[in-house]
Amino acid sequence: MAEDLATTQEHAATHSALQHHFENMEQQREAGTLGMWVFLVTEIMFFGGMFLAYTLYRSKYPEAFAVASNHLDIKLGGINTAVLIVSSFTMAMAVFSTQVGKKRNSIIFLLMTMALGLTFLGIKAIEYHDKYRDSLIPGTLIPGRPFNPSPHELHLPPGMPIGNVELFYWIYFAMTGMHALHMIIGVGILSVITILAVRGRFSPEYHAPVEISGLYWHFVDIVWIFLFPLLYLLGRHLAGHLG
Amino acid sequence: MAFYNFPGPLNAVVALTIAVIKATLVILYFMHVRYSPRLIALVIGAALFWMAILFALTISDYSTRAWLPVS
Amino acid sequence: MEEFEVPRPPRTNYLNAEYGVKSWLLTKDHKRIALLYLGGISFFFFIGSLYAMAIRLELLTPQADLTQSSTYNKMFTQHGIIMVFFFLIPSIPATLGNFLVPMMIGAKDLAFPRINLLSWYIYMLGGILTIYALLAGGVDTGWTFYTPYSTTFSNSYVIATGLGIFIAGFSSILTGLNFIVTIHTMRAPGMTWFRLPLFIWAHYATSLIMILGTPVIAITILLVAFERLAHIGIFDPAAGGDPVLFQHLFWFYSHPAVYIMVLPAMGVVSELIANFSRKNIFGYKFVAFSSLAIAVFGFLVWGHHMFVASQSIYAGMIFSILSFAVAIPSAVKVFNWTATLHKGSISYDTPMLYGLGFIGLFTIGGLTGMFLASLATDVHLSDTYFIVAHFHYIMVGGTLLAYLGGLHYWWPKISGRMYPEGWGRFSALIVFVGFNLTFSPQFVLGYMGMPRRYHTYPADLVSWQVLHVLSTAGASILGVGLLIPLIYLIWSMRYGRIAEANPWHLPGLEWQTASPPPTQNFYETPIVTSEAYEFAPPEAKEVVGRFERQRPVKI
Numbered sequence: 001m002a003e004d005l006a007t008t009q010e011h012a013a014t015h016s017a018l019q020h021h022f023e024n025m026e027q028q029r030e031a032g033t034l035g036m037w038v039f040l041v042t043e044i045m046f047f048g049g050m051f052l053a054y055t056l057y058r059s060k061y062p063e064a065f066a067v068a069s070n071h072l073d074i075k076l077g078g079i080n081t082a083v084l085i086v087s088s089f090t091m092a093m094a095v096f097s098t099q100v101g102k103k104r105n106s107i108i109f110l111l112m113t114m115a116l117g118l119t120f121l122g123i124k125a126i127e128y129h130d131k132y133r134d135s136l137i138p139g140t141l142i143p144g145r146p147f148n149p150s151p152h153e154l155h156l157p158p159g160m161p162i163g164n165v166e167l168f169y170w171i172y173f174a175m176t177g178m179h180a181l182h183m184i185i186g187v188g189i190l191s192v193i194t195i196l197a198v199r200g201r202f203s204p205e206y207h208a209p210v211e212i213s214g215l216y217w218h219f220v221d222i223v224w225i226f227l228f229p230l231l232y233l234l235g236r237h238l239a240g241h242l243g
Numbered sequence: 001m002a003f004y005n006f007p008g009p010l011n012a013v014v015a016l017t018i019a020v021i022k023a024t025l026v027i028l029y030f031m032h033v034r035y036s037p038r039l040i041a042l043v044i045g046a047a048l049f050w051m052a053i054l055f056a057l058t059i060s061d062y063s064t065r066a067w068l069p070v071s
Numbered sequence: 001m002e003e004f005e006v007p008r009p010p011r012t013n014y015l016n017a018e019y020g021v022k023s024w025l026l027t028k029d030h031k032r033i034a035l036l037y038l039g040g041i042s043f044f045f046f047i048g049s050l051y052a053m054a055i056r057l058e059l060l061t062p063q064a065d066l067t068q069s070s071t072y073n074k075m076f077t078q079h080g081i082i083m084v085f086f087f088l089i090p091s092i093p094a095t096l097g098n099f100l101v102p103m104m105i106g107a108k109d110l111a112f113p114r115i116n117l118l119s120w121y122i123y124m125l126g127g128i129l130t131i132y133a134l135l136a137g138g139v140d141t142g143w144t145f146y147t148p149y150s151t152t153f154s155n156s157y158v159i160a161t162g163l164g165i166f167i168a169g170f171s172s173i174l175t176g177l178n179f180i181v182t183i184h185t186m187r188a189p190g191m192t193w194f195r196l197p198l199f200i201w202a203h204y205a206t207s208l209i210m211i212l213g214t215p216v217i218a219i220t221i222l223l224v225a226f227e228r229l230a231h232i233g234i235f236d237p238a239a240g241g242d243p244v245l246f247q248h249l250f251w252f253y254s255h256p257a258v259y260i261m262v263l264p265a266m267g268v269v270s271e272l273i274a275n276f277s278r279k280n281i282f283g284y285k286f287v288a289f290s291s292l293a294i295a296v297f298g299f300l301v302w303g304h305h306m307f308v309a310s311q312s313i314y315a316g317m318i319f320s321i322l323s324f325a326v327a328i329p330s331a332v333k334v335f336n337w338t339a340t341l342h343k344g345s346i347s348y349d350t351p352m353l354y355g356l357g358f359i360g361l362f363t364i365g366g367l368t369g370m371f372l373a374s375l376a377t378d379v380h381l382s383d384t385y386f387i388v389a390h391f392h393y394i395m396v397g398g399t400l401l402a403y404l405g406g407l408h409y410w411w412p413k414i415s416g417r418m419y420p421e422g423w424g425r426f427s428a429l430i431v432f433v434g435f436n437l438t439f440s441p442q443f444v445l446g447y448m449g450m451p452r453r454y455h456t457y458p459a460d461l462v463s464w465q466v467l468h469v470l471s472t473a474g475a476s477i478l479g480v481g482l483l484i485p486l487i488y489l490i491w492s493m494r495y496g497r498i499a500e501a502n503p504w505h506l507p508g509l510e511w512q513t514a515s516p517p518p519t520q521n522f523y524e525t526p527i528v529t530s531e532a533y534e535f536a537p538p539e540a541k542e543v544v545g546r547f548e549r550q551r552p553v554k555i
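Protein sequences appear in the order of chains A, B and C.
Sequential numbering of the first sequence, starting at 1, is according to this note's numbering.
Sequential numbering of the second sequence, starting at 1, is according to this note's numbering.
Sequential numbering of the third sequence, starting at 1, is according to this note's numbering.
If you're looking for bench data, these hints aren't it; they were derived computationally from the structure.
Take these hints with a grain of salt, some might be off.
To be verified - Residues on chain A that point at chain C, a partial pick, calculated with CB under 7 Å:
| no. | residue |
| --- | --- |
| 1 | 31 |
| 2 | 41 |
| 3 | 45 |
| 4 | 49 |
| 5 | 141 |
| 6 | 170 |
Stated by the list, open to error - From chain B, some residues computed to sit far from chain A (all C-beta separations above 12 Å):
| no. | residue |
| --- | --- |
| 7 | 67 |
| 8 | 68 |
| 9 | 69 |
Every residue, glycine too, gets a C-beta built ideally from N, C-alpha and C.
Build the full structure now, drawing on both the sequences and the hints.
The following block contains the structure:
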């Protein structure tokens, strides 16, 4: 047993993927993982600025935010939440399969993760298109189609400034847009990882890239876990008396 | 853990609690923090702490602006 | 005196390991990347200095002689943006830090060499975009980009400049990330946390701020750009937005950014003071932890920039008290440096002159900060030349002096050549005199009520003009003091005396290898057996262990 461990470590120390400035594979893996975690900290702070803006404006204009929030498609948002959580699961399985050396399984799980990611983006695109159709894209982002909720189902109660509703949609597009951008980057990373996996680059001794991409993927999932209730659900309880 | 569609009125606290639980599970198990060095937990803790600073001090401004009536 | 075998200067080192432009532009060696940064940073410092000289010339007389107010607005804005984002923030970490962090902890390179190179390209890309914006027509919002002026009213190149800063921010994030991971995972055997040189502690704290603060300014600048592009209203009161939210988000990064500038400088000064006093630093752990304390407290005080910006008075009180708290770790450092000097065997070489200058000027800068942290005095002093003088004492008197001191101190290691000591001391003196003459009159000007960012002032206030003339004269002296090192450092690269491996006879790891070091830094991975700044007496030399072999003979 101890001998096995020693030979594994010996093997790990001289792996071809070891970069020159690291002493051994363990150090390289540790550095990579910590690096990704520290990067995720920067991501948390990046989204943190937008979450702060959301919190402040929502507490300032609760009714307008509730009205605007109620117009989001909760069904599509809910499906997307499920899609992302399942994709996180398949990602975790892909990491696990790589760790135990099941190459075929890991490729299948990576492909499933990517497919689910693309499904999410597709559904997001449908939602964005609905907003475009209803002229709910804020500001002058779309030339010739300014923000204009009134002709559609989104009826503002008398006296509610349109600007406040627009503010919600601005935050909605900023946050979900930034999140979708991260999803696109994530799918890109995973396609590279999948190609490397097909070429047999990973093994139980060397699987750090799969693990690290997994961390990123899970983080993007977590962002959505918070975006969904904050954007789609909060304010539902106000829906009753606001109509 | 997977779920679909919350019905009707829903309290903000409940929704956020569920989100926090889901995120914690993802972090602990999918992201292996449960089985990782304490350093990783420290890194996450630092991020949350600094988020808390950003929120707490900014809100300290917005929540007390009305205390002093502006003439 | 026992004779030690002196290793011959190796035939190959990191400078001559490869030749050609490509070998530099595609290098993954942290030492070469540090030199790439040195080039870039010097270029931006030169541009920023030109704006500074133009500003000082304009203020020589009360009338508008050289520029109109709109041009002047662009001049001080561009001076600020270039100096803050493209000189001060990357200055010490990206050059000295990049070069020395791996060497001081006994590593072969930073953890992510490719990301390190990428960060330089990102920095240059951001810089070039900003320079493009300046050439295309400039930006006039002040380096702070305050809304709603920047989002709604300014007709200058806000988006291009903002994008430049946004991009450069990623280079800062990547540098910080690299440092944190390197310090955590790449320390040589025996290099425990409390054996780390204080330079490393300072860079660790700096990296924390880079990681935690920079993303917030990134999203803030992005929001400003979107607001300008699409009039979305997040900072626009007419749409229900709040312009003060911009200031919160902006200063959440930009106040800690001051500590990104000064913490590495403090790290350099800790090295200089301990090594040139030939003493272990007084209260090592206090100095180490004060760096972390500054990094944390630095994030709690941003509201003191907004005392007169319609921030709640109660939040103002909280921020005021917290601002005073930052003085504690800063004072710990100053007192410990002073105590280190006590009974030290001090040598007044050029780096030490800069180090001592730093202590004095940083103390003045820090204490005048107390005036501004007090709510009542800040109302009077806000947006006057008092502020300008205060932060220049920290940024120029602090960071720039430490940067120059560090550059001289490690120049033998970087270039393999000695700089001319006489010229070095002479220019250090000139810089010190010129700096004080430039900025101490500005304290008085500000106290008398001269507002910042104005290019004219009342002609009947003779005392104002006298002070402005003094300040401009000082700026010219400072300019000369900065040109001299530029000339002799470049000169020394070819004609300077060949440096020994350890010209200052110090125990730090970076001195235990050749000058200039080989590409892999050390011929064999060092094993650390002693504290930092261990100036052991000769009879205890064996304790120092294997470094002894490479200790050069005094010539």
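Now the hints, each set against the structure:
1. The beta carbon of residue 31 of chain A comes within 4 Å of a beta carbon in chain C, closer than 7 Å, and the hint placing it at the interface holds.
2. Checking residue 41 of chain A against chain C: minimum C-beta separation of about 6 Å stays under 7 Å; hint holds.
3. For residue 45 of chain A, the interface hint holds, since its Cβ comes within 7 Å of a Cβ in chain C; the closest pair sits about 4 Å apart.
4. Annotation: residue 49 of chain A was flagged as interfacial toward chain C, and the flag holds, the nearest CB pair being 4 Å apart, inside 7 Å.
5. With 7 Å as the threshold, the beta carbon of residue 141 of chain A comes within range of chain C, its nearest partner Cβ sitting at about 4 Å, so the hint holds.
6. For the restraint placing residue 170 of chain A at the interface with chain C, the shortest Cβ-Cβ distance is roughly 4 Å, inside the 7 Å limit, so the hint holds.
7. Listed as outside the interface, residue 67 of chain B is consistent with that label: its C-beta sits roughly 16 Å from the nearest C-beta of chain A, beyond the 12 Å cut-off.
8. At the 12 Å boundary, the C-beta of residue 68 of chain B stays outside the reach of chain A, the nearest C-beta of that chain being 18 Å off.
9. The non-interface label for residue 69 of chain B is consistent with chain A: the shortest C-beta to C-beta separation is roughly 18 Å, beyond 12 Å.
Hint check: no violations occur; every hint is consistent with the structure.
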